[in-house]
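> One letter stands for each residue in the lines below.
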Amino acid sequence: MTTIAKYTLVELVNKIKSKEISAVDATNAYVERIQKSKKLNAFVTETLESALEQAKKADEINQKDGALSCAPIAVKDLFCTKNVQTTASSKILKNFIPTYESTVTSKLWDQGAFLLGKLNCDEFAMGSSNETSAYGNVINPYKNNNDDLVPGGSSGGCSSAVAADLTSATVGTDTGGSIRQPAAFTGIVGLKPTYGRCSRWGIVAFASSLDQAGPMTKDVADSALMLDVISGHDEKDSTSANVKKGEFLKNLNKDIKGLKVGIPKEYIVDNMPKAIQSLWDKGIELMKDSGAIIKNISLPHTKYALPTYYIVAPAEASSNLARYDGVKYGFRAPGKDLIEMYENTRAQGFGNEVKRRIMIGTYVLSSGYYDAYYLKAQQVRRLIKNDFDSVFNEVDTILTPTAPSSAFKIGDKTEDPISMYLNDVFTVPVNLAGLPAISLPGGLDETGLPLGLQLIGKSFDEQTVLNAAYALEEKIGFQSQVKDWWM
Amino acid sequence: MSINKETVKKISKLSRIASNEQFEDSMIKDLNSILTFVEQLNELNIKNIEPLSSVVEQKLFQREDVVKIMNEKKDVLKNSPHKNENYFVVPKVIE
Amino acid sequence: MTEKEFDYYLEGQTGKWEVIIGLEVHAQVTSNAKLFSSSSTKFGSDPNSQVSLVDAAMPGMLPVINKYCVEQAIKTGLGLKAKINNFSKFDRKNYFYADLPQGYQISQFKFPIVGEGKVILDMPYGTKEVGIERLHLEQDAGKSLHDQDPQNSFVDLNRSGVALMEIVGKPDLRSPEEVGQYVKKLRSIMRYLNTCDGNMDEGSLRADVNVSVRKVGSTELGTRCEIKNVNSIKFMQQAIEYEAKRQIEIIEQGGAINQETRLFDTKKMETRSMRSKEDAHDYRYFPDPDLLPLELDQDYVDTIKKSLPELPDEKKSRLMNDFGLSSYDASIIISDQEISTYYEEVAKNSDYKLAANWMIVELFGILNKENKEIKDSPVSAKNLSKLIIRYCYSTVIWHYMNPLTTWWYINWILIFIDEFKTLRNIRSSPSTFYIFTITDYIYVTYSNS
Numbered sequence: 001m002t003t004i005a006k007y008t009l010v011e012l013v014n015k016i017k018s019k020e021i022s023a024v025d026a027t028n029a030y031v032e033r034i035q036k037s038k039k040l041n042a043f044v045t046e047t048l049e050s051a052l053e054q055a056k057k058a059d060e061i062n063q064k065d066g067a068l069s070c071a072p073i074a075v076k077d078l079f080c081t082k083n084v085q086t087t088a089s090s091k092i093l094k095n096f097i098p099t100y101e102s103t104v105t106s107k108l109w110d111q112g113a114f115l116l117g118k119l120n121c122d123e124f125a126m127g128s129s130n131e132t133s134a135y136g137n138v139i140n141p142y143k144n145n146n147d148d149l150v151p152g153g154s155s156g157g158c159s160s161a162v163a164a165d166l167t168s169a170t171v172g173t174d175t176g177g178s179i180r181q182p183a184a185f186t187g188i189v190g191l192k193p194t195y196g197r198c199s200r201w202g203i204v205a206f207a208s209s210l211d212q213a214g215p216m217t218k219d220v221a222d223s224a225l226m227l228d229v230i231s232g233h234d235e236k237d238s239t240s241a242n243v244k245k246g247e248f249l250k251n252l253n254k255d256i257k258g259l260k261v262g263i264p265k266e267y268i269v270d271n272m273p274k275a276i277q278s279l280w281d282k283g284i285e286l287m288k289d290s291g292a293i294i295k296n297i298s299l300p301h302t303k304y305a306l307p308t309y310y311i312v313a314p315a316e317a318s319s320n321l322a323r324y325d326g327v328k329y330g331f332r333a334p335g336k337d338l339i340e341m342y343e344n345t346r347a348q349g350f351g352n353e354v355k356r357r358i359m360i361g362t363y364v365l366s367s368g369y370y371d372a373y374y375l376k377a378q379q380v381r382r383l384i385k386n387d388f389d390s391v392f393n394e395v396d397t398i399l400t401p402t403a404p405s406s407a408f409k410i411g412d413k414t415e416d417p418i419s420m421y422l423n424d425v426f427t428v429p430v431n432l433a434g435l436p437a438i439s440l441p442g443g444l445d446e447t448g449l450p451l452g453l454q455l456i457g458k459s460f461d462e463q464t465v466l467n468a469a470y471a472l473e474e475k476i477g478f479q480s481q482v483k484d485w486w487m
Numbered sequence: 001m002s003i004n005k006e007t008v009k010k011i012s013k014l015s016r017i018a019s020n021e022q023f024e025d026s027m028i029k030d031l032n033s034i035l036t037f038v039e040q041l042n043e044l045n046i047k048n049i050e051p052l053s054s055v056v057e058q059k060l061f062q063r064e065d066v067v068k069i070m071n072e073k074k075d076v077l078k079n080s081p082h083k084n085e086n087y088f089v090v091p092k093v094i095e
Numbered sequence: 001m002t003e004k005e006f007d008y009y010l011e012g013q014t015g016k017w018e019v020i021i022g023l024e025v026h027a028q029v030t031s032n033a034k035l036f037s038s039s040s041t042k043f044g045s046d047p048n049s050q051v052s053l054v055d056a057a058m059p060g061m062l063p064v065i066n067k068y069c070v071e072q073a074i075k076t077g078l079g080l081k082a083k084i085n086n087f088s089k090f091d092r093k094n095y096f097y098a099d100l101p102q103g104y105q106i107s108q109f110k111f112p113i114v115g116e117g118k119v120i121l122d123m124p125y126g127t128k129e130v131g132i133e134r135l136h137l138e139q140d141a142g143k144s145l146h147d148q149d150p151q152n153s154f155v156d157l158n159r160s161g162v163a164l165m166e167i168v169g170k171p172d173l174r175s176p177e178e179v180g181q182y183v184k185k186l187r188s189i190m191r192y193l194n195t196c197d198g199n200m201d202e203g204s205l206r207a208d209v210n211v212s213v214r215k216v217g218s219t220e221l222g223t224r225c226e227i228k229n230v231n232s233i234k235f236m237q238q239a240i241e242y243e244a245k246r247q248i249e250i251i252e253q254g255g256a257i258n259q260e261t262r263l264f265d266t267k268k269m270e271t272r273s274m275r276s277k278e279d280a281h282d283y284r285y286f287p288d289p290d291l292l293p294l295e296l297d298q299d300y301v302d303t304i305k306k307s308l309p310e311l312p313d314e315k316k317s318r319l320m321n322d323f324g325l326s327s328y329d330a331s332i333i334i335s336d337q338e339i340s341t342y343y344e345e346v347a348k349n350s351d352y353k354l355a356a357n358w359m360i361v362e363l364f365g366i367l368n369k370e371n372k373e374i375k376d377s378p379v380s381a382k383n384l385s386k387l388i389i390r391y392c393y394s395t396v397i398w399h400y401m402n403p404l405t406t407w408w409y410i411n412w413i414l415i416f417i418d419e420f421k422t423l424r425n426i427r428s429s430p431s432t433f434y435i436f437t438i439t440d441y442i443y444v445t446y447s448n449s
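Chains as they are written, first to last, in this note's numbering: chain H, 1 to 487; chain B, 1 to 95; chain C, 1 to 449.
Hints listed in this document are in silico derivations from the structure and should not be mistaken for laboratory results. Among these hints, one or two may not hold up.
In silico BS3-like links for lysine-lysine, alpha-carbon gap of 25 Å or less [to be verified]:
(1) B:Lys-59 <-> H:Lys-336
(2) C:Lys-110 <-> B:Lys-59
(3) B:Lys-92 <-> H:Lys-385
(4) H:Lys-250 <-> H:Lys-6
(5) H:Lys-244 <-> B:Lys-74
(6) H:Lys-336 <-> H:Lys-6
(7) C:Lys-353 <-> C:Lys-372
(8) B:Lys-13 <-> C:Lys-372
(9) B:Lys-74 <-> H:Lys-91
(10) B:Lys-9 <-> C:Lys-93
(11) C:Lys-110 <-> B:Lys-78
Given only the sequences and the hints, what does the whole structure look like? Please build it.
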């Protein structure tokens, strides 16, 4: 049983289709591991019985169609799943049961996958360590001595579950790095597609102009398969891009001879840990080995990306979260009149990080401050995008580290919001520019914790990003060091 | 531009989040720290730069004026914490 | 022709005062589905039965714009002789209220779909041009019922998300009468265009009324107060009178006017301050990140322009020039599209002026007495037309029987050559009309088609 859970998604689907493994055996492999892994706290809601039932039925009628035939998949608790509790890891949405299914998850089930459950995350996707969830912290399957480590965030439940083989693959969301950074912290692959590549319909909104759904998987080929399934134009989302669907798995290719890879000098930050710099250097060498051409490039406005993000994202969030008022769904606190009801509901229903971001977002949009903050941030965003547009005339992809450190101890950075925000320094510029980017495990640091390498691509050129990652992945030959210590 | 207690009270009111002494104190600290962090943007000369509100470069899709099969009232009201057969029920507004 | 002079001034203790009024009219767009969602806009349905996931602001829901609503806004803008903006954007107007499920309204702030225009009013003292500042599209809110329960309010989201056109007028109005004419004119234009049914009883048309006062002769504008959500012309007029007097009294006693939002209490017939709206002035507008800018090809706008029906002002000119109607008669005929359609059907085959006269005096007399609209007329346009022709013949015959008037002989001959041009000079006499009426009443009643 343990062996089944270690297969990659591509391997698993092939074995199910060829009847080497039954759907029930595949599902049971994950169910058993999930039941023994409560300590990791990766799940908010489990739908194990329902998954097993579906697997039984699929075996009975021999229904093995679809690109994800009978693959058991858990998804981030930000995707609205029909008749299954969806909380956004918040108290304010406790017991919310959507009567509708998000477009992205619909596509998974249409291709034959079964829902294992909803994965824990930072509340409303706001965080970089999965320490703001109303349902408790998620623990990283990697350990450092005896300390519990963060799995990264906001898709911490996702990264932990994939790394611990509690799901064959998953989908998370990435607004400032929430797929890539947790992937780096747990030694897995996380892809943020181009903004507009995947539909946002049915995903609990955080920052509308930045949010994007994406796969978190054991390897690059799995990522390509998942992207094939979840991408596509959706008329119900006005920001969904009307572009031709890719065939990412089919066209996955290790041959990157002549690929021009940019190395941005501004990503060399102060106090960059040695391990990160070595990792980056190693990545550069391996790309050269594969025949890629390395070019030094400049993205001059890189350092302004984080401050820009921490104006734009909270501003949009403050408006997107105004609907959580206790009237139509979710938690409601008592109040002597409507205003008091709102104030109590939101004060008690939201956690501190969410309240902090709503407050700052409200402030930067408020009368007298709009021009000084929000408008200015929008203008700087244009400059950041222009930087990328300009370098992509000279290079095909950009290679950087994913995060400025490996996974840290739980509780280490919760005192100061800014120190937490700095986790996103390498990932945030990509969201502001709306570009695709992938994180893959590049190696381990001196304490044995995984480190990630990030590849950034041109708009809608996920194929190049996947190919470059595919080539690099083979050269690196990363092996998971997860030891099941929690079972 | 720094945030004081009065500003925090005002923003709490605007965002409909009840505040108390403890909340206000922690917000003053955190919000000022964030504002200091974002002050860096003032180093840049952004005169005449067009603000970027969306990275999507396509025309707004417009749908046809057709009524689609709609939800049953019971589904609309289903998740509400306080409802009756026909309506969402909320405490009165004092006008 | 002596025209009345404008005379709406209020006498205060310190002299004559002038009232300055600007209206923000909210008109519900005539369409099948809502502005950003596909649920029905039908009025009067079972509560919460026309609510989509988007209307209820469920988590993860996104707006998709209704093409027809955009078209309706363009048509209305053209009807207001306004500039159609090829580039416009949607912004979020953020505030909290039970009937606003999203906690924000999708509206247009910086870049509205329609720019400056104008409306011409026919007043007893001449024509008056009222400037239009802009027109933009926005979502309507749901409805709260406050009188069903002592502790609680009930919320119905059927109306949430219906498309509204907000027409912002310049502060060019100077009297309750002008306000009445302005609203009637806007209503008429939109009914002609079929972009809004103008049904104030059903809430399809309502206005926020901005009122300020100043001493006659002063050129500065006073501080204004906004009276929100008035849904009948009569209430608007009453509210304006009360508010103007209230403001004058305050100023004359040495006080200052607070710029504030007020409600018109229709039972007490007075305006009063709306406390809860005080801190809602900071709407924190920002571009809605769920929508892209609305870009309209000039070709598209031109095609719409070509497809427009004749508008009231143009029709009035044509009735005066080609049909020889007086300005007064023409104004009445064009005041409603159904009336003008009826008139043109009648005038197709009969004397233009008689047709107008009979409609305005006789037919409307009957309809008003029975509280009916033109669509409920006991006489169809075709039959009224026949009536008039037969009347003319009868008149001629009657006068023919009076050998003392040679002029009628000539008319009798001319009738075969050119019936209508000459008949224009025939004046009716009561006795003729009555004879005619008796003989043809039965014909009309039983052959109405």
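> If a hint holds in the structure, say so; if it doesn't, say that too.
Checked hints:
{"no.": "1", "hint": "B:Lys-59 <-> H:Lys-336", "result": "violated (47 Å)"}
{"no.": "2", "hint": "C:Lys-110 <-> B:Lys-59", "result": "holds (19 Å)"}
{"no.": "3", "hint": "B:Lys-92 <-> H:Lys-385", "result": "violated (48 Å)"}
{"no.": "4", "hint": "H:Lys-250 <-> H:Lys-6", "result": "holds (23 Å)"}
{"no.": "5", "hint": "H:Lys-244 <-> B:Lys-74", "result": "violated (39 Å)"}
{"no.": "6", "hint": "H:Lys-336 <-> H:Lys-6", "result": "violated (55 Å)"}
{"no.": "7", "hint": "C:Lys-353 <-> C:Lys-372", "result": "holds (23 Å)"}
{"no.": "8", "hint": "B:Lys-13 <-> C:Lys-372", "result": "violated (51 Å)"}
{"no.": "9", "hint": "B:Lys-74 <-> H:Lys-91", "result": "holds (24 Å)"}
{"no.": "10", "hint": "B:Lys-9 <-> C:Lys-93", "result": "holds (21 Å)"}
{"no.": "11", "hint": "C:Lys-110 <-> B:Lys-78", "result": "violated (38 Å)"}
In this structure, the earlier hints numbered 1, 3, 5, 6, 8 and 11 are contradicted, and the remaining ones agree with it.
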